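Chemist: Next come the chains, spelled out residue by residue.
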Amino acid sequence: MNKVIKSLVALALAGGVTMTAQASPEQDRAAFVKYYKDRFPEVPMEEYPNGVYAIDKVGRENWEAIEEFPPYEPFIDSGQEMWEKPFANGKTYKDCFPDGPAIAAKYPHWDKKKGMVVTLPLALNECRKANGEKPLKYKKGPINDLLAYIAYESRGQKIDVKIPEDDPRALEAYEKGKKFYFTRRGQLNFSCASCHLQNAGMRVRTEILSPSLGHVTHWPTYRSKWGTVGTLHRRFTGCNKNIRAKPFKAQGEQYRNLEYFLTYMSNGLKLNGPGSRK
Amino acid sequence: MTRSNTKLALAAGILAVMAGQLAVVPGAAAEGNSALEEGKKLAFSRKKGNCLACHMIEGGTSPGNVGPPLIAMKARYPDRAKLRAQIWDASQANPDTAMVLFGRYQVLTEKEIDKVVDFIWSL
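Residue numbers (our numbering), protein chains in the order written: chain E, 1 to 278; chain D, 1001 to 1123.
In short, the hints are calculated from the structure, not lab data.
Take the hints with a grain of salt, since some may be wrong.
Claimed, not checked - Covered by chain E, according to a simulated footprint, are these stretches of chain D (three or more residues, beta-carbon under 8 Å):
(1) 1044 to 1056
(2) 1062 to 1071
(3) 1076 to 1082
Just so it is clear, the structure is predicted and the values come from calculations on it, not from any experiment.
C-beta atoms are modelled at their ideal positions from N, C-alpha and C, and glycine is treated no differently.
Next comes chain E alone, as it looks inside the complex:
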């Protein structure tokens, strides 16, 4: 079995999952998706937003039981209150986001004027600042409530991240995110790809390593380990700590670019946040 897996990985790596700088994002995505399809031929594409539960039958039963009374529900309600409550100046989030609250699929996107990847949490804080409110913290706390409400209202939207060709910096940001994904770091010397691509489906102790395809569809996520909902960048932070690497700043350039790359890889999948995980 090991030989088969090794040759699969070798094939995938040779076939483009290594993703040379010359490959277009669309070629990258095709290679990424094909790799998982070959690795988990029995898993239909629409299952990937369910993360590890797409490939872990036992875990899935527990998860489905948890989802009957979703632990993130109170956060959605409190997020709705936040969304509707006017700022001190009388305006609301709706004034910043006329299409809101179902706006999750618009993020992350390349902002040509700012010259950077803008994520939903970042845009929410921009709105707050523009209206004289204090920005929210990016990992824990009330930003998750707001994000949970927006995620819930956005359920079913398809991910469709664009890398605009009229600004070469957008492709650069994508390439930086891709490089981050494949770069080994920390004392334990793992890249995101070491676990979630190369060894997806294998077990570390009793934990099954989740596929990266679909990683971004269900945030914020209620993690039993956290006992609350947390952001995607909080999870990135935890992953980096696990491999004994110094985490980067939530909503800093590195994690925003990583989110840009990862979300592009999941183009076509449906949003299903907020999520719950053990």
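Given the coordinates of chain E, work out where chain D should sit on it, guided by the hints.
Modeler: Frame of chain E, contents of chain D only:
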């Protein structure tokens, strides 16, 4: 020597070796065992070797399966130095390895690695 004498000599030799073992082994085994125990402790500890994260090892609970089961190690690594090199820096044998570089990245000290190698080699 006649045939039967040879047999006798052989039998005597075997007895002598067995007697010798009886005399020597308990002390050596106790010492060896405690060293192996230390290696096992390091190998099983989540903060140290954490070999069980990826490898099945006899006596260890909830092993992962990213790496191969650690069995018949002397058959797989007749040369102890090669096993040590693999644990010290697995990227030398395979640049795409998902194994932690225990020596090169100083996850374990040289002494700790020696103990872990002794334990793993005993499997």
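Chemist: For every hint, state whether the structure bears it out.
Modeler: The hints, checked one at a time:
no., hint, result
1, 1044 to 1056, "holds (count 3)"
2, 1062 to 1071, "holds (count 6)"
3, 1076 to 1082, "violated (count 0)"
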